[in-house]
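With the hints as constraints, model all of the structure from the sequences given.
Residue numbers (the working numbering), protein chains in the order written: chain A, 1 to 157; chain B, 1001 to 1099.
Incorrect hints may have been included.
As the list claims (entries may be wrong) - List of simulated lysine-lysine pairs, BS3-like, C-alpha gap at most 27 Å:
id	chain 1	residue 1	chain 2	residue 2
1	B	Lys1038	A	Lys112
2	A	Lys61	A	Lys149
3	A	Lys97	A	Lys157
4	B	Lys1038	A	Lys133
5	B	Lys1028	A	Lys113
6	B	Lys1038	A	Lys149
7	B	Lys1028	A	Lys112
8	B	Lys1038	A	Lys100
9	B	Lys1038	A	Lys113
10	B	Lys1028	A	Lys133
11	A	Lys97	B	Lys1028
Stated by the list, open to error - Some but not every residue of chain B turned toward chain A, in silico, with C-beta under 10 Å:
id	residue
12	Ala1030
13	Ile1031
14	Met1035
15	Trp1040
16	Pro1064
17	Asp1066
18	Asn1092
19	Ile1093
20	Glu1096
21	Leu1097
No lab work stands behind these hints: they were computed from the structure.
Each residue gets a CB set at the ideal place from its N, CA and C atoms; glycine is no exception.
Chain by chain, the residues:
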Amino acid sequence: MHPDLILFRTAQGEEVISGHGHDQQIAANLRRALLAVDGKTSVATLIKKVFWVSDVTTVLKELYSLGLIHDDVKTIQGFTVTQSGGAGLLLKVQIVKIAKELLGSNADRIIKKIEDVDGTPEALEQALLSCKKLIKLTINDQVAETFLKRCLEVIGK
Amino acid sequence: MDFDITMVVNYLAILTMFYCLYLVLSLKSAIPGGMVGKRWNFLTMLVGLFTIGYLATPFFDQLPPDILQLVVSLIFLFGAIYVVVTVRLIFNIIRELTE
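See the structure below:
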């Protein structure tokens, strides 16, 4: 697991934390580690900071394999992630969904740009304008306009 | 053994054009449409045409002078078109990015 990786809780992970996921019980050590994953802290920092969890790296790998945490924003579905990653992450998820819907297999470069940017509406707006230009140049003019319009609505601009 | 500089230059040109053909074809999947995509198809066609033309250069000495002049003129014409399309493409990209 790369030290710079930022991990966040998946919807399933959130359910386990909130106690709604009755069908999936996890060990106390795993639960403690899951609580420490906040969508902002890198793996390296978690290893240093979370001293109350034994063998953090292995535990994180286990949580990852259970699908309770993830590092790929594209995998998040629904709104439950707001608690773990903040509003910015939710906005990114919605934008990624729009990109996938409109661009299909050509969405990868756009998704990468969205993932790399900060989650603030201002930063996202700049990224979206840049994405629109990229789509207009390399994919389709009309799709570029639609993408920008829908995404700006999402971020409230 | 005679060292034919013209032939060496010819083969270098053919190799370079094959590299160009490889580049345009490999980048094509990354540019499915849009302003660049449309121009890219045209550029790909021109590169294909040039590749065929360049492959024929070792046999140019077997052509009648009239035909040879015509072929060279056509290569110049398509070369000029290629340059115009490329320059306009760069111009449009810069305009789009600076809007």
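For each hint, the structure was consulted:
{"no.": "1", "hint": "B:Lys1038 - A:Lys112", "verdict": "holds (24 Å)"}
{"no.": "2", "hint": "A:Lys61 - A:Lys149", "verdict": "violated (39 Å)"}
{"no.": "3", "hint": "A:Lys97 - A:Lys157", "verdict": "holds (18 Å)"}
{"no.": "4", "hint": "B:Lys1038 - A:Lys133", "verdict": "holds (15 Å)"}
{"no.": "5", "hint": "B:Lys1028 - A:Lys113", "verdict": "holds (21 Å)"}
{"no.": "6", "hint": "B:Lys1038 - A:Lys149", "verdict": "holds (24 Å)"}
{"no.": "7", "hint": "B:Lys1028 - A:Lys112", "verdict": "holds (20 Å)"}
{"no.": "8", "hint": "B:Lys1038 - A:Lys100", "verdict": "holds (22 Å)"}
{"no.": "9", "hint": "B:Lys1038 - A:Lys113", "verdict": "holds (24 Å)"}
{"no.": "10", "hint": "B:Lys1028 - A:Lys133", "verdict": "holds (18 Å)"}
{"no.": "11", "hint": "A:Lys97 - B:Lys1028", "verdict": "holds (25 Å)"}
{"no.": "12", "hint": "Ala1030", "verdict": "holds (7 Å)"}
{"no.": "13", "hint": "Ile1031", "verdict": "holds (5 Å)"}
{"no.": "14", "hint": "Met1035", "verdict": "holds (5 Å)"}
{"no.": "15", "hint": "Trp1040", "verdict": "holds (9 Å)"}
{"no.": "16", "hint": "Pro1064", "verdict": "violated (45 Å)"}
{"no.": "17", "hint": "Asp1066", "verdict": "violated (44 Å)"}
{"no.": "18", "hint": "Asn1092", "verdict": "holds (8 Å)"}
{"no.": "19", "hint": "Ile1093", "verdict": "holds (6 Å)"}
{"no.": "20", "hint": "Glu1096", "verdict": "holds (6 Å)"}
{"no.": "21", "hint": "Leu1097", "verdict": "holds (6 Å)"}
Hints 2, 16 and 17, counting from the list given before, are not met by this structure.
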